[in-house]
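Enquirer: Chains as they are written, first to last, in the working numbering: chain V, 1 to 353; chain C, 354 to 706; chain S, 707 to 1059; chain P, 1060 to 1412.
No lab work stands behind these hints: they were computed from the structure.
Keep in mind that the hints are not guaranteed to be accurate.
Claimed, not checked - No more than 27 Å apart at the CA atoms, straight line, and that leaves these computed lysine-lysine pairs for DSSO-like:
id, chain 1, residue 1, chain 2, residue 2
1, C, Lys667, V, Lys175
2, C, Lys442, C, Lys355
3, C, Lys562, V, Lys263
4, V, Lys270, S, Lys749
5, V, Lys270, S, Lys976
6, P, Lys1080, C, Lys374
7, P, Lys1297, P, Lys1177
8, P, Lys1116, P, Lys1148
9, C, Lys591, V, Lys314
10, P, Lys1117, P, Lys1102
11, S, Lys976, V, Lys58
12, P, Lys1148, P, Lys1117
13, P, Lys1177, P, Lys1151
14, P, Lys1176, S, Lys1020
15, V, Lys263, C, Lys667
16, C, Lys616, C, Lys667
Stated by the list, open to error - Sample of chain P residues lacking proximity to chain V, with all beta carbon distances greater than 10 Å (derived):
id, residue
17, Asp1131
18, Pro1168
19, Ile1170
20, Thr1205
21, Met1326
As the list claims (entries may be wrong) - Footprint (simulated), chain C over chain P, 3 or more residues, beta carbon under 8 Å:
id, segment
22, 1108–1116
23, 1356–1362
Treat the numbers as computed from the prediction; the structure is a model and nothing was measured.
Note that the Cβ used here is the ideal one computed from N, Cα and C, for glycine as well.
Protein chains: 4
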Amino acid sequence: MKKLKVSVIGSTGYTGKELIKILLNHYEVELIHLVSSTFAGEKLSEVFPDFLNQLDKKLISLNPELIAQDSDLIFTALPHTVSMDLVPKFLKRGVKVIDLSADYRLKDPSIYREWYKKEHNHISREFLSQAIYGLPEIYGRQIERTSLVANPGCYSTSVILGLAPLFAYHLVEVKDIIIDSKSGITGAGRGISLDLHFPECNENMKAYKVTGHNHIPEIEQELSRIYSGGDNKNKEDKIKVSFTPHLIPINRGILSTCYLNLKDRNMEEKEILEVYREFYQKAPFVRIFEPPSLPEIKFVVGTNYCDIGFKIDKRVGKVVIISVIDNLLKGAAGQAVQNMNIMSRLPETYALK
Amino acid sequence: MKKLKVSVIGSTGYTGKELIKILLNHYEVELIHLVSSTFAGEKLSEVFPDFLNQLDKKLISLNPELIAQDSDLIFTALPHTVSMDLVPKFLKRGVKVIDLSADYRLKDPSIYREWYKKEHNHISREFLSQAIYGLPEIYGRQIERTSLVANPGCYSTSVILGLAPLFAYHLVEVKDIIIDSKSGITGAGRGISLDLHFPECNENMKAYKVTGHNHIPEIEQELSRIYSGGDNKNKEDKIKVSFTPHLIPINRGILSTCYLNLKDRNMEEKEILEVYREFYQKAPFVRIFEPPSLPEIKFVVGTNYCDIGFKIDKRVGKVVIISVIDNLLKGAAGQAVQNMNIMSRLPETYALK
Amino acid sequence: MKKLKVSVIGSTGYTGKELIKILLNHYEVELIHLVSSTFAGEKLSEVFPDFLNQLDKKLISLNPELIAQDSDLIFTALPHTVSMDLVPKFLKRGVKVIDLSADYRLKDPSIYREWYKKEHNHISREFLSQAIYGLPEIYGRQIERTSLVANPGCYSTSVILGLAPLFAYHLVEVKDIIIDSKSGITGAGRGISLDLHFPECNENMKAYKVTGHNHIPEIEQELSRIYSGGDNKNKEDKIKVSFTPHLIPINRGILSTCYLNLKDRNMEEKEILEVYREFYQKAPFVRIFEPPSLPEIKFVVGTNYCDIGFKIDKRVGKVVIISVIDNLLKGAAGQAVQNMNIMSRLPETYALK
Amino acid sequence: MKKLKVSVIGSTGYTGKELIKILLNHYEVELIHLVSSTFAGEKLSEVFPDFLNQLDKKLISLNPELIAQDSDLIFTALPHTVSMDLVPKFLKRGVKVIDLSADYRLKDPSIYREWYKKEHNHISREFLSQAIYGLPEIYGRQIERTSLVANPGCYSTSVILGLAPLFAYHLVEVKDIIIDSKSGITGAGRGISLDLHFPECNENMKAYKVTGHNHIPEIEQELSRIYSGGDNKNKEDKIKVSFTPHLIPINRGILSTCYLNLKDRNMEEKEILEVYREFYQKAPFVRIFEPPSLPEIKFVVGTNYCDIGFKIDKRVGKVVIISVIDNLLKGAAGQAVQNMNIMSRLPETYALK
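With the hints as constraints, model all of the structure from the sequences given.
Expert: Structure (structure tokens):
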């Protein structure tokens, strides 16, 4: 079989690095161009000596025509608001794109503008409608047929997978949804700042962007769609969440603790267990823990799994969901490759287990 | 002035160690007996070489009569259910006690039995009614006059101080109270277990005792009392909370993120700020952060402060409270010394700043 | 091709776990028995939930006959002094063994007795002479033909690979050899102790077993053999080293800093570089860094590489060697699989890249 | 008694912050000016919220005349090569200076030029001869009488204190001296860089500036002076050392492991113990550990102690010295205050215990 020609734009962030690591071990992929504006001209193994003797390819600067011409599929691991202008150039040339930024995740451009302070222009807006939200456990079929996947945010992945069955089966109330997430520091990216200076993070914890993190709109969009059966035009179904992210001094991993009110206060844990198992029975990367077992970050670090556990709090009529992922894998690069596999009709788990 | 004769029972746990460190720098205190059942016969500086050349005192085994006879005040830093039988022996001999276990925190013995699986006997039950819950910011006056302080739990301290003004002024609803707490590993104590083996904790996070942590009843008792103005016999005022503790791979510190529904959805942050400032105007160890500033663990590690910040989430009508303490200081040993200072009519901040 | 039937004894230590992780992805291997005395009867995925949905095999207790009968090759990941009595039982039944303990590493039983305080009996002593020290970069040919590999110690691997070319080419003096090694905490094993309790290790560093660590004799044995061209009967060639291991609060990785006197004080770094490159030209898991670049732990964690760098200190006529490995992979399980591949005439790098 | 008027230049680095923390608790000191070029105009408690409610002083920009006029003593915590031009301005105005840079540590300006790539001009050179190397355990008497203290480097402090008795008593050979040091990340300062970005440091270790760290010349100068009895003009006594610093992912602490050849290979550990105890009998901040006990970083973090332990390695005729300090305290700010106390005829340990 002819290998898939793949390029990566944004190769020297943490996500780009993980992406290349996975693709390097993917036998159906040929790595074509590795783009880095910061390190163009250097070898990848000079930036990351881990790649020494494995991949000594040179990083190039961004040349959209060249890259489009040589590639079947392109991963864009760029900052939000930068990706939106570049992606259409590739799609117009018939190249598939998996965009790891937020630019194509939000269906409603006015919500995008509200949270990202930038307007989609008429070109990117056109492609927005084609974009599929790249959560294979929910949108597997559409991902097969699309040319543009909007790869989900890391927090969003842990939260939406953690809560989807509850909303799909209407088991919980749609208000008073609390999501308290904790992330390792790679989630904040590879750009340096005093906040992420080692002694400032180490032996510390903090909440940040409280009430204002921009994964909120995609969580709300997706939970609303799941709740309303894929159609959230009905205003009353519009779900709102309280979301607080925290930084924890570990390298990798997200743990989201979610609190929801059960509609039926007499519901038993085994009923919920069944619902989750059924919902995810065909999902190779979701593992459901049977109470009282609960997932921990270390079970998923270095893997593409999302591990989900839960407990009912009878005293207050709530269910507590614990969902963990590796933010760089299921929360970014791993999920992107999972999407690539599906788009390319390869086994979903290829190079990911 | 004659120095206060103080003994510590449970000297070689993390709390006992911190207690001794503080008392060593307290010029009005004379350290009399240091008790450790595990290390009796060894010098303190053999167990903790940090004390070398500072305090070479020998640890002794438990002898209640001797200790009571020689001491004015005793700190009992013992496991729950062990303390209850020992404390009355000291009180009967006229010695003051600051008990760092949970045994004298819960006013209702049936709730104690429910959460701790042990019954108070008639002796300890008698002293229970004299015990003052040792949160000086709430019970300062009663602490002055009591012989028995039940030093609060670490999580409880961060939560109750974080929420007290909201309940005292009836600003929030009494249901759908979510408390998501994160603690450093010293919070789990110095007893070894596979869970707390370095490579099992490091680069990991996990929730534990989900829905069942035994700080829940004291948080509920105290919030209910504050809400009802010191009297929570009124059943309707009985507040219930959702509480989830997490272990984070740092040594010290607790960060509690609390989510509450505002009664008045139009309330502004500056109004809340005023309420908190007024409530804590005489509290030397509570610092209120003005939004959008929020406290972080590193601001309080090594101090007796409780730092509190908050943000209103207009979209969902909630207030999010962030409260941080050092679990070994304001969450245990520091608060215990603060209580000792008050009981002994010394300046509240003595040896703590 | 028929798969190799492999069993692992000591499955629930850190080394055993890594071994199983690698073997699980090794397409020429069939995992037969997983032995654990502590957890026999439980599923592997109950002990390590990371294996959930991947390997739910039950752990069994030790039954040498059964295991020998069903296996082509057995990994023994047992404590020192325990392995020596078990290994002959497998060898006598024609099963190949890779022993990860120290029991078959030292050629001279009197040195073994001196450092491990136990005597080889006549049976184990007989097999000792057949054992090959499992460093493929040095003994690749012998490993191909043996039935018993003594897998090297983790420190020893980093040190011997780091220094071999200098001794093989007689570039350094054989006295005043200083080796200062730093290891992550998994190197101390999964057995719990107060020393390895999270808050005791975290934010700490310490030297341990100073002058007395039992990797010293195998380092000396191997450096002596390399120096004397494979024959170290010549007493004068017996090399002695100063070795100090340290514990560092990270999970994985060893960094060894070695200081040696150059015979020729005018030697240039590029000459040494050539020597190292030549010596390791056929070694797929050794990477040589060109000065002034130096390896760091993070370049090798999660890999089977040994990265080596160096610098000449003209002022004092010394060469400083920096050698890093992942203690659980090239320092234990990875190297063991590398040995298995060689013994089984599979590609040396199979399942390791 | 009139308080000492003290100013700090370079207030917002890690050393400056520690200095202010100590001085804040020093009852004989009045903090006059806090200078920060980066944060001038902000309050200290805005830069470091730890100081909230404790010290809300505004940071000012550098105005040498003003600062000299208002201060009795000035701490200059500035980068190397910047300090040299500023310090004379204060000294000429009769203000005492404790300089925490390297600029006044090296007696020989040509060695300074060689290692720091900058020339002393005739003014700074003049004051160089007055400067006392600020190691109170060695130069206590001179420090009492000087106006300019050159506060030692952090590595240098751990090494010189660790080795001084061996050289003072001529117990070791002056060649083949190996010093392998490991430092927490605050040692690299508060200036951000990709190298010190949390995920780049965490779970990593590395050697850096191998053979070229600029604490080497001050270690050599001081060991040579101690060896030659305070006078190292004798060329033959000029001691050279091998020194390799490493970065370890902890916030604070230095552990130096030093290897030296004993002149008398039959020397016993108890003889060395006596020598160390005698040498440091009047040093309140040096603690000697009796073999086989050895110091660890955690024993000194947060203190001004230097803890020293050792072991003789009979097999190779060497002594191994382990010396630990908190790099920000005994390695910088704590030692600076110790020097201030001595210069001001206050008890040496004031505000440091």
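Enquirer: Each hint should be assessed against the structure and marked as holding or not.
Expert: Hint check results:
no. : hint                    : result
1   : Lys667/C <-> Lys175/V   : holds (14 Å)
2   : Lys442/C <-> Lys355/C   : holds (25 Å)
3   : Lys562/C <-> Lys263/V   : holds (24 Å)
4   : Lys270/V <-> Lys749/S   : holds (22 Å)
5   : Lys270/V <-> Lys976/S   : violated (67 Å)
6   : Lys1080/P <-> Lys374/C  : holds (18 Å)
7   : Lys1297/P <-> Lys1177/P : holds (23 Å)
8   : Lys1116/P <-> Lys1148/P : holds (25 Å)
9   : Lys591/C <-> Lys314/V   : holds (16 Å)
10  : Lys1117/P <-> Lys1102/P : holds (4 Å)
11  : Lys976/S <-> Lys58/V    : holds (25 Å)
12  : Lys1148/P <-> Lys1117/P : holds (23 Å)
13  : Lys1177/P <-> Lys1151/P : holds (22 Å)
14  : Lys1176/P <-> Lys1020/S : holds (19 Å)
15  : Lys263/V <-> Lys667/C   : holds (25 Å)
16  : Lys616/C <-> Lys667/C   : holds (12 Å)
17  : Asp1131                 : holds (32 Å)
18  : Pro1168                 : holds (34 Å)
19  : Ile1170                 : holds (31 Å)
20  : Thr1205                 : holds (32 Å)
21  : Met1326                 : holds (41 Å)
22  : 1108–1116               : holds (count 5)
23  : 1356–1362               : holds (count 5)
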